[in-house]
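Trainee: Sequence:
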Amino acid sequence: MNRLPISLSHALRMLAGIATAVTAALLLAAPPAAAHPMPHSVLLLDVHETSVAAELDLPVSDFSRASGIGLDDDTTAKQLSARKAAIRRYLAAHVHATTRRGKAWTVTFGAMALGRTQQTSTGPYRELTVRATLVPPAGADPRRFVLDYDAIVHQVVTHTVLVSVRQDWATGKVAGSGQDSATQVGVIRTDTRTMTVAPLTVDLESGSIWSGTYAMFRLGAHHILEGNDHLLFLLILLLPAPLRATGKRWTGLTDTRTAVGRIGRTTLAFTVGHSAALALSAFGNLDIPAQPVEAFIAFSILVGAVHAIRPLFPGREAVVAGVFGLGHGLAFSLTLAEMHLSTSQLALSLAGFNLGIECMQLLLVLLALPSLVCLTRLPRHSALRTACATLTALAALGWLLDRLGLPNPVARAADSAGAHTSPLLLALVATALLATAWLATTGRADRSWRFAHRS
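First residue of the sequence shown? That's 0 in numbering that gives the first Met the number 0, and the numbers climb one at a time after it.
One or more of the hints may lead you astray.
Stated by the list, open to error - Here are the simulated EDC-like cross-link-like pairs (lysine to aspartate or glutamate), alpha carbons at most 16 Å apart as the crow flies:
id : residue 1 : residue 2
1  : LYS83     : ASP71
2  : LYS102    : ASP140
3  : LYS102    : ASP147
Unchecked claim - Quick list of simulated restraints, FRET-style, between CB atoms:
id : residue 1 : residue 2 : range
4  : LYS83     : PRO291    : 23 to 33 Å
5  : ASP147    : GLN290    : 39 to 49 Å
6  : THR195    : ALA91     : 51 to 61 Å
7  : ARG188    : ALA85     : 21 to 31 Å
8  : ALA137    : PHE312    : 23 to 33 Å
None of these hints come from the bench; they were simulated from the model.
Note that this is a predicted model, so its numbers are computed, not measured.
Where is the CB? At the ideal position from N, CA and C, for every residue including glycine.
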């Protein structure tokens, strides 16, 4: 039987049909694609000596879908308050912790708030933040437990939960120590083969008191290095140390021994003042608002700057440094208060933190000392000192207004300048080296001149 040849148009229609069928099969076989990556939940753990504090960061859209509790982008704080009891009941049913032998921990849920945030590869979204406290049974190790957590995940199978340790004093991980992020300890997600959510076993290394103390030492050094207002107060108070006051003016230079003595006493008094306030507020559990403390610090810098231009308390810089140091110590204590440490951890943290502050402070004063001495020997030292003090006064005034509730560009510029600590430190080191070399050169020239005239 003879077959008719296939026409070109018929062949093209057959190829088009095959291509369409293959494309459809591929699309049907592929998993459905999301319009955009969805945000995940974050569970941050702060490990303490006898408990674990947790912060749950939950995307509002997924949480509302899984829990059935009405929350969205328009939910107000008042509406959230009316739903807090329901949120706590839901979380209590989906967040459990036990020992490895199955003995239950006590889990309680506290403060909660709504905010806006975004994650990598996602756009901005609304987030529910809930604080929780996990307490092990008597004798159980708070560093090793099993976390049974399926909030959101049990309903939204594509959702994931990143579990990380944000603070763990015993291993040297403390809030604000310059670490970029928390340490991830696990991920909770739905097993798509069994459609179950497996518990996460948390097993943290034991750590030691030395790790925590050394971490606090680093934090103290880091705090004084980045606390540009604390350092600026001390330096501006030391600026007129080599000068002699006559009436309401700085006139002439004191001898080197007197200048070094003033610098030493002023630095020591500032240390004693803020150390005393730091210890008192830390062990006395003083609840001090941050705003007045920060405003007081800005005021102290303003007073120091004015004193560098016109003597307000000549010869009494050490007393003033000690008094204002009390306020600076209260600011340091706010860092320790946020960690909620036990008494023994607090005592060691106080020692390490304070020692870190003093070591960094001493290093910076030693670096600044050659420049301070060099400045007084320059022909136009009075104009340079006045210019430095005026800039400091402007920054302090900007900070003071900002901390009293009046934001301004001067404060923002001062904060921006202080944020670049590495270039500032390098500039201070370079200036100290140049000043030391210049002083050594002029010292040799002076000795040669005296020797030639004596001969």
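Trainee: Take the hints in turn and mark each one as holding or not.
Mentor: Each hint, compared with the structure:
no.: 1; hint: LYS83 x ASP71; in the structure: 14 Å, holds
no.: 2; hint: LYS102 x ASP140; in the structure: 12 Å, holds
no.: 3; hint: LYS102 x ASP147; in the structure: 12 Å, holds
no.: 4; hint: LYS83 x PRO291: 23 to 33 Å; in the structure: 31 Å, holds
no.: 5; hint: ASP147 x GLN290: 39 to 49 Å; in the structure: 42 Å, holds
no.: 6; hint: THR195 x ALA91: 51 to 61 Å; in the structure: 21 Å, violated
no.: 7; hint: ARG188 x ALA85: 21 to 31 Å; in the structure: 25 Å, holds
no.: 8; hint: ALA137 x PHE312: 23 to 33 Å; in the structure: 57 Å, violated
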